[in-house]
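Whole structure, please, built from the sequences with the hints as guidance.
Line order of the protein sequences matches chains A and B. My numbering puts the first residue of the first sequence at 1, with every later residue one more than the last. My numbering puts the first residue of the second sequence at 352, with every later residue one more than the last.
No lab work stands behind these hints: they were computed from the structure. Here the structure is a predicted model, which means the values were calculated and not measured. A couple of the hints might just be wrong.
Mimicking EDC-like on lysine to aspartate or glutamate, the simulated pairs with C-alpha atoms at most 20 Å apart in a straight line are [as the list claims (entries may be wrong)]:
hint, chain 1, residue 1, chain 2, residue 2
1, A, Lys348, A, Glu194
2, A, Lys280, A, Asp321
3, A, Lys81, A, Glu69
4, A, Lys348, A, Glu93
5, A, Lys280, A, Glu307
6, B, Lys425, A, Glu294
7, A, Lys81, A, Asp127
8, A, Lys62, B, Asp366
9, B, Lys425, B, Glu439
10, A, Lys81, A, Glu350
11, A, Lys62, B, Glu371
12, B, Lys397, A, Glu294
13, A, Lys280, A, Glu294
14, B, Lys425, A, Asp98
15, A, Lys262, A, Asp225
16, A, Lys62, B, Glu433
17, B, Lys388, B, Glu414
18, A, Lys81, A, Asp29
19, A, Lys81, B, Asp366
20, B, Lys388, B, Asp438
Covered stretches of chain B, going by a simulated chain A footprint (3 or more residues, C-beta under 8 Å) [unchecked claim]:
hint, segment
21, 360–371
22, 420–432
No residue lacks a Cβ here, since even glycine has one placed at the ideal position from N, Cα and C.
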Amino acid sequence: MTMPEEITSQSLDDLTAVMELLFESGWTDGLPVMPPTPRNVQRMLAGTARPLDELIGRIPPKGGRATIEKIAINAVMAGCKPTYLPVVISAVEALLDDRCNTRGVQCSTHIATPLVIVNGPIVQALDINSGHNVFGQGWRANATIGRAVKLVLVNLGGAVPGVTDKATFGHPGKFTYCIAENEAANPWEPLHVERGFASTESTVTVFGAEAPHNINNHWSATPHDLLRTVADTMATLGSNHLYLGGESFVVFSPEHADVLAKAGWAKRDVRAFLFEQARKPLTQVKIGGMYGPETRRNLWPRWIDHENAAERIPIARRPEDITILVAGGAGRHSVYLPGWGSRSVTRKIEC
Amino acid sequence: MSDVLDRIHRLGLLDPTDQEVLQRRTLAPRLVEIRGKVGGFIDNRKQNANVLLDHLAERLSTEYGMAEAMSRAKFIYSRVAEPPIIDELAERCDFVVAAIGD
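If you want it as structure tokens, here you go:
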């Protein structure tokens, strides 16, 4: 790395001019990017043993070719360290799994954008934040890994806001959206272990998610009371899940998870409760939402009685569609992450 | 824009995009007329999509002489239509109305 005493005011001016040029190129997310010089990209590629011309896949909607080199170029621009590159590559691989429905997430009027969740020993090795302000700013790894994934999606996928990305609003996670699970404070098995990976393996999970919806409960000391607050936050008329089901995430803070685990509740107990309680009466569903009174176009399970005014509509077709994470710092908040036509996909991080 | 890209390339900076793909136009050739043609209509399952598309097919038939309408429904708007639907429409139709927005 160049020592500060070798940098002249002229070279700083040159750097500024390059950054302005990169703004004009349309290759940035609206924030400054690191210049993708051959030397910077070469340095980035040292983070992986994979050949630079290896094709990971074509990024929808336009189908740009995501080679290791192209991903590395975007990772440089995002500000990643070379050691982050395997996480970014594995996230891109996961996003190309059809279950994730990246094409739909990239183009919809809906607000969702891919969230990256990291598990395993790599979290500590790369200093990925899993604690206080986990969805917020302040950690280079979270900020730049999430940003690199988004730059890949836009630069190679061609998802241009207002042109091919038709999001009515979008949300701030479209700049960067990357967290780690707080495994040290998790009373249950972490997500990747639940999905069949060893605790010593590192994984990345991707999921098309809305912005976090806060669940504030400073009072409840029992699972039933606490989870009623969670369930009420999940079942809202404005949520796609009430009409279409699908997967969504509840991210418990360590303190909320502690209330549940100390009472002997396993993840499956929490899921069962939320599946039963995160519901809306049919009469309320008919007043608005996606389809109004015409409920037959909803993707509801067959057991729903469309003629029974007392029927209660669940936000998922089955308890397993509610995925549970533990993250964040001290404080009695949790968050709900509704999805949108997207299934989360977990992959081992290959270096 | 090409001036910007020229300046970037002259500096030796590497391109994070796939220009060959991004610049490709994907619009199908335009039809001169609808008369005698087979039209495909994909209901994306949004509210009233079927109502609007049925009405459109009816008018294209009565006012513009469309020969036949093939209507198919996707499982859900957020997903690409199933391959058998795309293959069938591609084989039999002269044009397809792929979806409606909200």
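Against the structure, the hints come out as follows:
Only pairs whose Cα atoms come within 20 Å are accepted, and Lys348/A paired with Glu194/A is accepted, the gap being roughly 13 Å. Simply put, Lys280/A and Asp321/A have alpha-carbon atoms about 17 Å apart, close enough for the 20 Å limit, and the pair holds. Restraint check for Lys81/A and Glu69/A: the C-alpha separation of about 15 Å stays at or below 20 Å, so the hint holds. With a C-alpha separation of about 10 Å, the suggested pairing of Lys348/A with Glu93/A holds against the 20 Å cut-off.
Distance restraint check for Lys280/A and Glu307/A: the Cα-Cα separation of roughly 15 Å lies within the 20 Å cut-off, and the hinted pair is therefore satisfied. At most 20 Å may separate the alpha-carbon atoms for a hinted pair to count; Lys425/B and Glu294/A meet this at roughly 18 Å. The straight-line distance between the Cα atoms of Lys81/A and Asp127/A is roughly 12 Å, inside the 20 Å bound, and the hint therefore holds. For the proposed pair Lys62/A and Asp366/B, the alpha carbon gap of about 16 Å is at most 20 Å, so the pair holds.
Annotation: proposed proximity of Lys425/B to Glu439/B holds, straight-line Cα distance about 13 Å (limit 20 Å). At roughly 16 Å between alpha-carbon atoms, Lys81/A and Glu350/A fall within 20 Å of each other, so this suggested pair holds. Proximity of Lys62/A to Glu371/B is assessed by CA-CA distance (about 10 Å); at most 20 Å being required, the pair is judged to hold. Taking the CA atoms of Lys397/B and Glu294/A, the gap is near 11 Å; set against the 20 Å cutoff, the hint holds.
Only pairs whose Cα atoms come within 20 Å are accepted, and Lys280/A paired with Glu294/A is accepted, the gap being roughly 16 Å. Restraint check for Lys425/B and Asp98/A: satisfied, since their Cα atoms lie roughly 16 Å apart, inside the 20 Å limit. Between Lys262/A and Asp225/A the alpha-carbon distance is near 14 Å, which keeps this suggested pair within the 20 Å criterion. Taken as a hint, the Lys62/A and Glu433/B pair is honoured in the structure, with Cα atoms around 19 Å apart against an allowance of 20 Å.
Restraint check: the Cα-Cα separation between Lys388/B and Glu414/B comes to about 13 Å, which is no more than 20 Å; the hinted pair holds. For the proposed pair Lys81/A and Asp29/A, the alpha carbon gap of about 19 Å is at most 20 Å, so the pair holds. For the suggested pair Lys81/A and Asp366/B, the alpha carbons sit about 19 Å apart, so the restraint of at most 20 Å is met. For a cut-off of 20 Å, the pair hint linking Lys388/B to Asp438/B stands: about 18 Å separates their Cα positions.
Against chain A, the segment 360–371 of chain B contributes 8 residues with a C-beta closer than 8 Å to a partner C-beta. That satisfies the three-residue criterion, and the hint holds. For the segment 420–432 of chain B, the assignment as covered by chain A holds, since 4 residues bring a beta-carbon within under 8 Å of that chain's beta-carbons and 3 suffice.
In summary, this structure violates none of the numbered hints.
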